[in-house]
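**Q** As a plain string of letters, each chain reads:
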Amino acid sequence: MNTVKDLLENHSARPSEDVWQKLNARLDAEMPVAKTSYWSGLSKAKKAVAAAVAGLVLAGGVTLGWMLFRSGESSQTGEMAAAKPLQKIESVAESEAVAPEPVVEEQAEEVLPVERKAEPVAEKPAPANVTEPAAPEKVEKTPVKSNVKQEVLPSNSTLAKQLAADPVLKNLSDESVDWSMPAKLSIPNLFTPNGDGVNDLFVIEGLEQYSSPKLVVRDKNGRVVYQNSGYKNTWGGENCPDGVYSYEFTFVYNGIENLATGKVRIIRA
Amino acid sequence: MKEIDSDIEKIIAGCLENDRWSQRQLYDRYSSKLYGLCRRYSSSDAEAEDVLMEGFMVVFKSLGSFQHKSSFQTWLTSVMLNVAVSHFRNSKRFRREVYAEDMDMKGVVEEEEQIRTNLVADQLLELIRQMPEMMRVVFNLKAVDDYSFTEIATMTGRSENAVRNSYLRGRKWLMDKLKLEKD
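Chains as they are written, first to last, in numbering that gives the first Met the number 0: chain A, 0 to 268; chain B, 0 to 182.
The shape of chain A in the complex, shown without the other chains:
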């Protein structure tokens, strides 16, 4: 039973829609769509359609106006004078209306199946149907603190048993781990620089395992009272009255910088 593995491996969740928006913006910035791709072709086609529609509307409007004007027939000279330019406009409008149409079809042919045109990015497809069957999606943004009362799995005792039998959690002692090596430092929280030869220095045990040991000590007001970027366990609280100090100890292990912070008390009495 690999309960832990299964539960975690099968975890899926839907990211918020923002992520795609941001991703889309980054794609536009870093991988701009080339002019030859059908996507830009599509928008050209759309423009053509829009132009055609506008042209038709314009032509219709002009024609209508012209007919109304003509039916008025108040002044013959006016009619002749006005009709000519109007006709011109009409013909222009008509040619506009007609011209783009072949373009539209031409584009549409290049443009792959028609249904694809219908749902460009703007539309949000229903991903639940598209995604794999394995993913019953939970949109959950539960903050860490409120992870209560969402009983989904079988009774907790069963689960607890399953987890207890999980190879990941079982037989911890069997694991052969080499504890001898690394990562353990012991930093004192108190030392007594009174010259009695015991505990007179701020000694960090395990210090020698690491490179670039750097110590910075500050007093209560944040003033630096001691610093050494090659610390060798030599600080004895010089010029520091009894009290509590805070230290920052950085060191490099396996090429990674580590930081340990804490407080240390100086007592001389």
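The set of hints was computed from the structure by calculation and includes no laboratory data. Do not take every clue at face value.
[Said to hold, decoys possible] Straight-line C-alpha distance at most 27 angstroms; calculated BS3-like pairs for lysine-lysine:
#	chain 1	residue 1	chain 2	residue 2
1	A	K21	B	K9
2	A	K262	A	K231
3	A	K262	A	K213
4	A	K213	A	K231
5	A	K219	A	K262
6	A	K231	A	K219
7	B	K68	A	K4
8	A	K21	B	K60
9	A	K4	B	K171
10	B	K9	B	K68
11	B	K60	B	K9
[To be verified] Restraint-style ranges between C-beta atoms, simulated for each label pair:
#	chain 1	residue 1	chain 2	residue 2	range
12	A	R264	B	G156	31 to 39 angstroms
13	B	T153	A	R217	36 to 44 angstroms
14	B	I7	A	Q208	49 to 57 angstroms
15	A	I266	B	A45	41 to 49 angstroms
16	A	S245	B	S43	25 to 33 angstroms
17	A	V224	B	T73	51 to 59 angstroms
18	B	A45	A	N9	16 to 24 angstroms
19	B	T149	A	R264	38 to 46 angstroms
[Unchecked claim] Interface residues of chain A toward chain B, partial, derived using beta-carbon atoms under 8 angstroms:
#	residue
20	V3
21	L7
22	H10
23	W19
24	K21
25	L22
26	R25
27	M30
28	V32
29	V167
Computed from a predicted model, the values in this text were never measured in an experiment. Heads up, the beta-carbon is just placed ideally off N, CA and C, and yes, glycines get one too.
Fit chain B to the supplied structure of chain A, relying on the hints for placement.
**A** Showing chain B alone in chain A's frame:
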């Protein structure tokens, strides 16, 4: 020979031509699963979303290197996983590890009872996300994604011993959180 349905092949082909529609299809198909992965490698949803986005950029840019040697899903997962690991590797958040691990554990003790009685997949996830950075990354790689200690050491830039210890500590950590009996 792995089978890949022709639908995905078309989408992949579209993505290779940098076609937005195909990219969106790919995203819709796989983002939930991959987001799940990002979530268990990160400590917050915001961080997970960053990693997810970064990962998809890498996917779109390096799709040409997908050789059909494994299933597409497997390839995607491994790309995303690498992005997730290097995200944390670069984030300098491996700092503080030495002491942070012990301290972090105390902060959440009072929640133990609730966690034990209401344990579900999501809560297991929440526990994982409360782990210190390095512990979480190692635990995920080892326990869930089946990498060897040697591989993990290479991926995270740490020694094999450090990785082993992180993993062991991770298991103990989880065990303690779940208050399970050790045997």
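**Q** Against this structure, judge whether each hint is valid.
**A** The hints, checked one at a time:
For the given pair, K21 (chain A) sits about 24 angstroms from K9 (chain B) by alpha-carbon distance, which is consistent with the 27 angstroms threshold. Taking the CA atoms of K262 (chain A) and K231 (chain A), the gap is about 19 angstroms. The hint holds against a cut of 27 angstroms. Between K262 (chain A) and K213 (chain A) the CA atoms are separated by roughly 16 angstroms; this keeps the pair inside 27 angstroms, and the hint holds. For the given pair, K213 (chain A) sits about 9 angstroms from K231 (chain A) by alpha-carbon distance, which is consistent with the 27 angstroms threshold.
Only pairs whose Cα atoms come within 27 angstroms are accepted, and K219 (chain A) paired with K262 (chain A) is accepted, the gap being roughly 10 angstroms. Simply put, K231 (chain A) and K219 (chain A) have alpha-carbon atoms about 24 angstroms apart, close enough for the 27 angstroms limit, and the pair holds. For the suggested pair K68 (chain B) and K4 (chain A), the alpha carbons sit about 25 angstroms apart, so the restraint of at most 27 angstroms is met. Between K21 (chain A) and K60 (chain B) the CA atoms are separated by roughly 16 angstroms; this keeps the pair inside 27 angstroms, and the hint holds.
This hinted pair checks out: K4 (chain A) and K171 (chain B) have alpha carbons roughly 16 angstroms apart, not beyond 27 angstroms. Distance hint between K9 (chain B) and K68 (chain B) is fulfilled; the C-alpha atoms sit about 18 angstroms from each other, no more than 27 angstroms. Our distance criterion of 27 angstroms between C-alpha atoms is met by K60 (chain B) and K9 (chain B), whose separation comes to about 17 angstroms. Between R264 (chain A) and G156 (chain B) the CB atoms are about 37 angstroms apart, so this pair conforms to the stated range of 31 to 39 angstroms.
With their beta carbons about 39 angstroms apart, T153 (chain B) and R217 (chain A) fall inside the hinted range of 36 to 44 angstroms. Taking the beta carbon of each, I7 (chain B) and Q208 (chain A) are about 51 angstroms apart, inside 49 to 57 angstroms as hinted. Checked against the hint of 41 to 49 angstroms, the pair I266 (chain A) and A45 (chain B) passes, with Cβ atoms roughly 45 angstroms apart. A hinted range of 25 to 33 angstroms for the beta carbons of S245 (chain A) and S43 (chain B) is consistent with their spacing of about 28 angstroms.
One distance hint, 51 to 59 angstroms for the beta-carbon pair V224 (chain A) and T73 (chain B), holds here, with the actual separation near 57 angstroms. Separation of A45 (chain B) from N9 (chain A) is about 23 angstroms and conforms to the stated range, judged on CB atoms against 16 to 24 angstroms. Taking the beta carbon of each, T149 (chain B) and R264 (chain A) are about 44 angstroms apart, inside 38 to 46 angstroms as hinted. For the restraint placing V3 (chain A) at the interface with chain B, the shortest Cβ-Cβ distance is roughly 6 angstroms, inside the 8 angstroms limit, so the hint holds.
A least Cβ separation of about 5 angstroms between L7 (chain A) and chain B falls short of the 8 angstroms threshold, and the interface hint therefore holds. Interface hint status for H10 (chain A): upheld, as the beta-carbon distance to the closest one in chain B is roughly 4 angstroms, under 8 angstroms. A distance limit of 8 angstroms between C-beta atoms decides the matter here; for W19 (chain A) the minimum to chain B is near 6 angstroms, and the interface restraint holds. With 8 angstroms as the threshold, the beta carbon of K21 (chain A) comes within range of chain B, its nearest partner Cβ sitting at about 6 angstroms, so the hint holds.
The closest approach between the C-beta of L22 (chain A) and any C-beta of chain B is roughly 5 angstroms, which is under the 8 angstroms cut-off, so the hint is satisfied. The interface hint given for R25 (chain A) holds, since its Cβ lies 6 angstroms from the closest Cβ of chain B, which is under the 8 angstroms cut-off. Contact between M30 (chain A) and chain B, as hinted, is supported at the beta carbon level, the nearest pair being about 5 angstroms apart and thus within 8 angstroms. Taken as an interface hint, V32 (chain A) checks out: its beta carbon lies about 6 angstroms from the nearest beta carbon of chain B, inside 8 angstroms.
For the restraint placing V167 (chain A) at the interface with chain B, the shortest Cβ-Cβ distance is roughly 5 angstroms, inside the 8 angstroms limit, so the hint holds.
Going through the hint list in order, the structure satisfies each hint without exception.
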